[in-house]
Amino acid sequence: MSINRTSLIQIWTVLYLAAALVLSGCAKKEEPKVPFKIGGIFAITGPASFLGEPERNSMELLAEQINEKGGINGHAIDLVIYDTEGDATKAVLNATKLIEKDNVLAIVGPSRSGTTLAVVPIVEKAQVPLLSCAASVKITTPVKKWVFKTPQTDVMAVAKIYEYMKAQGIKTIAILTVGNAFGDSGRQQLIQQAPDYGFQVVADERFGPKDTDMTPQLTKIRSLRPGAIVCWGTNPGPAVVAKNMRQLGIRIPLYQSHGVASKKFIELAGEAANGIVLPTGKISVTKNLPDSDPQKATLMKYITDYEAKYNSAVSGFGGYAWDGLQILAQALEKAGNDRAKIRDEIEKLTNYVGVSGIFRFSPQDHNGLTKEEAFVMVKIANGDWQVIQ
Amino acid sequence: MNRVLRYKSFQVGSFGLLLALVPLLVTNRYYLTVMVFIGIHTLLVVGLNLLMGYAGQISLGHAAFFGLGAYTSGILTTTYHVSPWPAMVAAVVLTVTVALLVGIPALKLTGYYLAMATLGFGIIIHICFKELVWLTGGPSGLVGIPTLGIGKIMLDEPKAYYCLVWVATTAAIALSLNIVDSRVGRALRAIHDSESAAGASGISTSRLKIWVFAVSAVYASVAGSLYAHFITFISPSSFDFMFSVKLVTMVVVGGMASIWGAVFGAATLTVLPEVLTTFHDYDIVLFGLILMVVMIFMPQGLTRGALDIWDKYRFQRQRSLLVNR
Chain A
1 MSINRTSLIQ IWTVLYLAAA LVLSGCAKKE EPKVPFKIGG IFAITGPASF
51 LGEPERNSME LLAEQINEKG GINGHAIDLV IYDTEGDATK AVLNATKLIE
101 KDNVLAIVGP SRSGTTLAVV PIVEKAQVPL LSCAASVKIT TPVKKWVFKT
151 PQTDVMAVAK IYEYMKAQGI KTIAILTVGN AFGDSGRQQL IQQAPDYGFQ
201 VVADERFGPK DTDMTPQLTK IRSLRPGAIV CWGTNPGPAV VAKNMRQLGI
251 RIPLYQSHGV ASKKFIELAG EAANGIVLPT GKISVTKNLP DSDPQKATLM
301 KYITDYEAKY NSAVSGFGGY AWDGLQILAQ ALEKAGNDRA KIRDEIEKLT
351 NYVGVSGIFR FSPQDHNGLT KEEAFVMVKI ANGDWQVIQ
Chain B
1001 MNRVLRYKSF QVGSFGLLLA LVPLLVTNRY YLTVMVFIGI HTLLVVGLNL
1051 LMGYAGQISL GHAAFFGLGA YTSGILTTTY HVSPWPAMVA AVVLTVTVAL
1101 LVGIPALKLT GYYLAMATLG FGIIIHICFK ELVWLTGGPS GLVGIPTLGI
1151 GKIMLDEPKA YYCLVWVATT AAIALSLNIV DSRVGRALRA IHDSESAAGA
1201 SGISTSRLKI WVFAVSAVYA SVAGSLYAHF ITFISPSSFD FMFSVKLVTM
1251 VVVGGMASIW GAVFGAATLT VLPEVLTTFH DYDIVLFGLI LMVVMIFMPQ
1301 GLTRGALDIW DKYRFQRQRS LLVNR
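If you read the sequences in order, they're chains A and B. FYI, this note's numbering numbers position 62 of the first sequence as 62, with every residue one higher than the one before it. To get this note's numbering, take the position in the second sequence, counting from 1, and add 1000.
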């Protein structure tokens, strides 16, 4: 009995299919593994773009480097980044989109404290790890299960300045803060921590973010004769304060916050910047750090890589996102694609040497930084930073 | 029941039915969240359209009423532990009071002067949100606003909140449709065309203008409360001058003097930026371009523009039928 032609074709088809299945099964091992999807939400445009743009750049730079090396355990990193424009409504939409539509494993960002506080309830409910790049203490105190943050807090900055001022024998202080979230948070800490160091706050003055003349506040402060003035703000206000003090001939020592720890401030304040003391993250003074500093190598690498790729000067802000993704990468290496395990691994991380400091997370501390490592005190002299030992 | 009324209840009814279908078909929380924001924006824009589109009085400070609603709800529920629903009522009362205090002198002005007055009012309220740190939490915002609940059921899922927001918005649309087709609505349009002529025909123009100003403030206040309880965090930057401008844009893009236009305008301006995120850095450029094209080719807004295109098409078809015959 001969097998007719159609059934022969059928037999061959089955055989081919079986072979293809076996072969594809073997070949699958050599195909790249499923990429790890990571979300980013930054204020890339809008009033806080000075934060969001370097943050996005740093995150893309690091993802590229990790992927060039073959990814994490063979998994490439796939970034999905959205722009909040610094707006709370947009941030909420972006976070929901990342979690529900893009199905990311974890989120880095948002850039601002307000937008971070708006997305916290969402990540807590959806149980997605969040590594915020915003400054406010409220983000990690009280500790929230799924929320971590990488930047230094104002608590540490204030403590660092106060420690130094106390050593200088100062008893009374006047504070001058800007009317935005940064100045507001700083003001609260300055008032709250003053009694701990035995300081008396004799004046509590504020100025608007766009004000161009602070002589009324300074004249009032001068009449109260404080031992020092602490100004808390972001450019350009603090530079105006420095200039106005020179014009009025006020010789009270002036302390500034880490909000102005950039070359821009020295440019804006010019001659008046000399003699000002402020705390800053180590990134602004990398080249002046001793070689023994544990962070120096990390900082040098970050700065050279960033400046080579984007051809623009580095700022401390990008480092927040860089640290965020580094921490996440270390957690992913151990946890794989499981959100709960990633969270646990981040909490266990105790020795990551980053741009903003050395991170030691714990169930009680989701920021993981200490003021000794996160900040150095610097004095401006001849238009450059001088590290105070 | 007369024909107009039946037609109107048919419109609202089918709109409501369409909305009721959404949560059955859409389960993704992201799309539902977008729908919640469209609902809140629609509520705001329907109110503003009564004032701008029908009565012809511009307001560049509408974000302030939105903010007053949000902050009153937020402060009462967090600092003073009032339960959310009475807080919402208190917010409406406060907002109406402020609207009357501002409206009585400001609505004596017209045109650019009224625009300037409302703009100033919006900025003052925004500064208050920022500077009254002890009350509003200042620039860092107000955290921990509770979500709304009905009895023991908490509306903390986007799906439940979607239902709440759109019930409120549909009610507002139905109310507005009734207002514009009533005697009051005709009087408002008369004021828009000529205030003196309206006055001469016996309409109390100043009283009516203040009344519609207060009504649109109520809409904004309710929208603000709903917003605050949904995202549970508010900060002054959500209620700034740019947001007022965005609302005016929604009214104009959707179509002045059209309730359904307000719905279109709010939906378009909420969804468009979300869709455009796929174009990364070019999304803002494209957004601007689309708005420009809409305004050049459909100066009456999307609703009127779409109807015009439809009429033109019908006219041409009828003509070609006549020619061919």
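Hints in this document: simulated from the structure, not taken from any laboratory. Just to be clear, a hint being listed does not mean it is correct.
In silico DSS-like links for lysine-lysine, alpha-carbon gap of 30 Å or less [said to hold, decoys possible]:
no., chain 1, residue 1, chain 2, residue 2
1, B, 1152, A, 144
2, A, 341, B, 1246
3, A, 264, A, 210
4, A, 210, B, 1152
5, A, 125, B, 1108
6, A, 379, A, 210
7, A, 69, A, 296
8, A, 145, A, 37
9, A, 145, B, 1159
10, A, 37, B, 1246
11, A, 37, A, 309
12, A, 145, B, 1246
13, A, 301, A, 334
14, B, 1152, A, 125
Taken at face value, is the distance from the CA of residue 210 of chain A to the CA of residue 379 of chain A at most 30 Å?
holds, 26 Å
If you draw a straight line from the CA of residue 145 of chain A to the CA of residue 1159 of chain B, is it 30 Å or shorter?
holds, 25 Å
Given the proposed pairing of residue 125 of chain A with residue 1108 of chain B, does the C-alpha separation stay at or below 30 Å?
Violated, at about 50 Å.
Would you mind confirming whether the straight-line C-alpha gap from residue 341 of chain A to residue 1246 of chain B stays at or under 30 Å?
Given pair residue 341 of chain A, residue 1246 of chain B is violated - Cα atoms ~42 Å apart, limit 30 Å.
Does the alpha-carbon distance linking residue 1152 of chain B and residue 144 of chain A stay inside the 30 Å limit?
holds, 25 Å
Is residue 210 of chain A within 30 Å of residue 1152 of chain B, Cα to Cα?
Judged against 30 Å, a Cα distance of about 47 Å means the pair is violated.
Just to be careful, I want the Cα atoms of residue 145 of chain A and residue 1246 of chain B compared with a cutoff of 30 Å; is the pair within it?
violated, 36 Å
For the pair we were handed, residue 1152 of chain B and residue 125 of chain A, check the Cα-Cα distance against 30 Å.
holds, 19 Å
Is it true that the CA of residue 301 of chain A sits at most 30 Å from the CA of residue 334 of chain A?
The hint holds at about 24 Å.
Could you grab the alpha-carbon distance between residue 145 of chain A and residue 37 of chain A and see if it respects the 30 Å cut-off?
Since the Cα atoms of residue 145 of chain A and residue 37 of chain A sit roughly 21 Å apart, the hinted pair holds (cutoff 30 Å).
For the pair we were handed, residue 69 of chain A and residue 296 of chain A, check the Cα-Cα distance against 30 Å.
holds, 23 Å
Holds or violated: residue 264 of chain A with residue 210 of chain A, Cα cutoff 30 Å?
Status holds; Cα separation ~16 Å.
When the structure is compared with the earlier hints, violations turn up for hints 2, 4, 5, 10, 12 and for no others.
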